[in-house]
Each structure stands twice: as structure tokens, then as C-alpha cells.
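J.: Numbered by UniProt numbering, the letters in the sequence shown go through residues 1 to 288 in order.
Don't read these hints as lab results, they were simulated from the structure. Using N, Cα and C, we set each Cβ at its ideal position, and we do this for glycine too. Heads up, a few of these hints could be off.
List time: in silico BS3-like cross-link candidates among lysine-lysine, alpha-carbon distance up to 27 Å [as the list claims (entries may be wrong)]:
id: 1; residue 1: K149; residue 2: K213
id: 2; residue 1: K248; residue 2: K282
id: 3; residue 1: K149; residue 2: K29
id: 4; residue 1: K213; residue 2: K29
id: 5; residue 1: K75; residue 2: K282
id: 6; residue 1: K235; residue 2: K149
id: 7; residue 1: K65; residue 2: K118
id: 8; residue 1: K235; residue 2: K248
id: 9; residue 1: K75; residue 2: K29
id: 10; residue 1: K248; residue 2: K213
id: 11; residue 1: K235; residue 2: K213
Pair by pair, the computed Cβ-Cβ distance ranges are [claimed, not checked]:
id: 12; residue 1: P233; residue 2: L4; range: 34 to 40 Å
id: 13; residue 1: P148; residue 2: G14; range: 54 to 60 Å
id: 14; residue 1: V18; residue 2: E56; range: 50 to 56 Å
id: 15; residue 1: E278; residue 2: P245; range: 16 to 22 Å
id: 16; residue 1: G105; residue 2: F27; range: 45 to 51 Å
id: 17; residue 1: L202; residue 2: G105; range: 30 to 36 Å
id: 18; residue 1: C25; residue 2: P245; range: 35 to 41 Å
id: 19; residue 1: H96; residue 2: I231; range: 26 to 32 Å
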Amino acid sequence: MTDLALVKGILVIGGILVTVYIGVCLFLKFWQTRMIFFPPAAIATTPADVNLNYEEVWLPVSTGKIHGWWIRSPKAEAPVLLYFHGNGSNIGDNVHRASRFHQLGLSVLLIDYRGYGKSSGPFPNESLVYEDAEAAWTYLTQQRRIAPKNIFLYGHSLGGAIAIEMAVRHPDIAGIIVEGAFTSVRAMVDEVSLYRLFPVDLILTQRFDSLAKVRSLQMPILFIHGTADEIIPVKMSQELYQAAPEPKQLLLVPHAGHNDTAELGGMQYLQTIREFIEQTRKRNPSLR
Numbered sequence: 001m002t003d004l005a006l007v008k009g010i011l012v013i014g015g016i017l018v019t020v021y022i023g024v025c026l027f028l029k030f031w032q033t034r035m036i037f038f039p040p041a042a043i044a045t046t047p048a049d050v051n052l053n054y055e056e057v058w059l060p061v062s063t064g065k066i067h068g069w070w071i072r073s074p075k076a077e078a079p080v081l082l083y084f085h086g087n088g089s090n091i092g093d094n095v096h097r098a099s100r101f102h103q104l105g106l107s108v109l110l111i112d113y114r115g116y117g118k119s120s121g122p123f124p125n126e127s128l129v130y131e132d133a134e135a136a137w138t139y140l141t142q143q144r145r146i147a148p149k150n151i152f153l154y155g156h157s158l159g160g161a162i163a164i165e166m167a168v169r170h171p172d173i174a175g176i177i178v179e180g181a182f183t184s185v186r187a188m189v190d191e192v193s194l195y196r197l198f199p200v201d202l203i204l205t206q207r208f209d210s211l212a213k214v215r216s217l218q219m220p221i222l223f224i225h226g227t228a229d230e231i232i233p234v235k236m237s238q239e240l241y242q243a244a245p246e247p248k249q250l251l252l253v254p255h256a257g258h259n260d261t262a263e264l265g266g267m268q269y270l271q272t273i274r275e276f277i278e279q280t281r282k283r284n285p286s287l288r
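Please put together the full structure from these sequences, using the hints given.
T.: Okay, here's the thing in C-alpha cells:
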């Protein structure tokens, strides 16, 4: 092989590798929502299956309607919990969570982001799920006429990022509970060595940067995380806790994974949430 042929061969191979690299970068840029959101449509369980009375809720958004369940406490002045689920579940998968909260004396609103469960609309992305969360907030504060100071937000996993965003937008809420949350999508990407080969900061459009937002929160916040979480490292809740202003709490549930903190946490989990809500309401008499 002549030197010229060798150079041509190297250029061809180099061109192919560059083309493949650019193609992967474009794929990651335009397909990343499909790598973050995994919306299940089928609803396996309803509140009726656990003997809870509830109302079907349909909330208008820009591209259709989102679906939810309103589970009212028998106590007229009970605090309200607005619940945001993770990226791979829908409200049917969270009925047992809602039942636990209801047993604590709370009214609960569960919603599905567009594309999840019965909610209509295009495939979700960061800005759309924030819009969906705002629709739920509007429902509670305007249609139900519930004072913001009587509303607690609860977010699990990706829902934690949504809850933190809502807490920044509505600093007059009572408090926020965040379970199994990540600091940011950028930090989650860093957990995968392969992605370090790519210009992540140029590619990333879905950021969910909770670490930057949590510093500005103006209400009590409770972080919960399983020490054996196999999806989101427990260190991320610890980092969020360190960044958040007082008053704040951190509950680490030994041996719990990403989806079983309530089961393995048992009474400690429930009692921590109960005391967090009670102490928040005592700290601010206007909440009672």
C-alpha cells in the first residue's frame, strides 16, 4: 500500500467515525426525552381498590387535558398534598402511597403528566410537565379555593424536580417533601461513564437542575432517600439537603431502594412525614 493510499484510508475511516459521532450526538439531543420519560398508559389500580372515595379530575392544558384523582380528607380543614410521581409510573401505581397520606389525615391530589395514564397530549418534556403541575396548582387554588399555605408538595424521583420547581414558583406553599430525587439531569449523566465522551452541555435540553433551585426555597423541606437506591444515588439527596436553607430535614431509610422507602421505612417513614407537617403548621399559625 502506497503512502497516498494509506492516507486516503485513514481519512475515510476518520470521516466515518466523525459521521457516526455526530449522528450519536444528534440522536442524544433530539431523542433525550425518550431516555428520560417512560409514560405507561395502563392504570392498574384506582383509589376504589383500596376503599378510598375519590373524584375524577380533568384539567385543561395547552394541548389537551390531564387526568387526576382528588381524594378528600373527611376533615374540612385538612392539609392538602399535591403529589408528583416519577418518570416511569402513573397515578395508578401510586394509589397505595395516596392511601398512606390519606391515613395521615391529608387530602391528596394525584395527577398524570400528559402522555401518562389517561392524560392526553404530546410526548412529555421538561417545560410541559411544569405546565401540567401548574394546571394542578390552579385547580387546587382557584377551583378548590385552597389557600397556598395549606398545600404541601410531594415529589418522588423525577417528581421531586417538578415539586422543587413548583416550590420556587410558589414560595407561599406550606412545605415540600422530596423523595429519591436527583440533583440534576447533568449530574445523572455524569454517573454514566460512556456519556463523558460527548459534549453533554451542548446536547442537553432537559436539565431539571434542582440543585441550583433548592438554594432559593423559602419553605420547610423534607428529603427522603433509601440508602440502597439503585437508580438515583443517595448522595444526591444529601447534596440537595446541604444546599437547601433551613428549616430542613433528611430521612435516610436503611436498605431501601428507589421505590420501597415507605415499605421499608415503616412507621418511621410515616411518623417523619406526620411530624414534618404538624411542625410546619405549628411554626406558622396561619396554616391552621
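J.: Okay, L202 versus G105 on CB: inside 30 to 36 Å?
T.: 49 Å, violated
J.: Holds or violated: K149 and K213, Cα atoms, limit 27 Å.
T.: 20 Å, holds
J.: Assess, step by step, whether the Cα of K235 is no farther than 27 Å from the Cα of K213, and give holds or violated.
T.: 17 Å, holds
J.: Quick check on a hinted range of 45 to 51 Å for G105 and F27, using CB atoms only.
T.: 48 Å, holds
J.: Could you grab the alpha-carbon distance between K65 and K118 and see if it respects the 27 Å cut-off?
T.: Roughly 9 Å between the alpha carbons, so the hint for K65 and K118 holds.
J.: Starting from the hint 16 to 22 Å, judge whether the C-beta atoms of E278 and P245 obey it.
T.: Holds - the Cβ-Cβ distance for E278 and P245, about 21 Å, lies within 16 to 22 Å.
J.: Given the hint that K75 pairs with K282, test it: the Cα-Cα distance must not exceed 27 Å.
T.: 18 Å, holds
J.: Can you confirm whether the C-alpha distance between K213 and K29 stays at or below 27 Å?
T.: Given pair K213, K29 holds - Cα atoms ~24 Å apart, limit 27 Å.
J.: Can you confirm whether the C-alpha distance between K248 and K213 stays at or below 27 Å?
T.: Holds, because 15 Å separates the two Cα atoms, which is no more than 27 Å.
J.: Does K29 lie within 27 Å of K149 when you go C-alpha to C-alpha?
T.: 39 Å, violated
J.: Verify the CB-CB distance for C25 and P245 against the hinted window 35 to 41 Å.
T.: 38 Å, holds
J.: Between the beta carbons of V18 and E56, is the distance compatible with 50 to 56 Å?
T.: Check passed, 53 Å falls within 50 to 56 Å.
In this structure, the hints that do not hold are numbers 3, 6, 9, 12, 17 and 19, in rising order.
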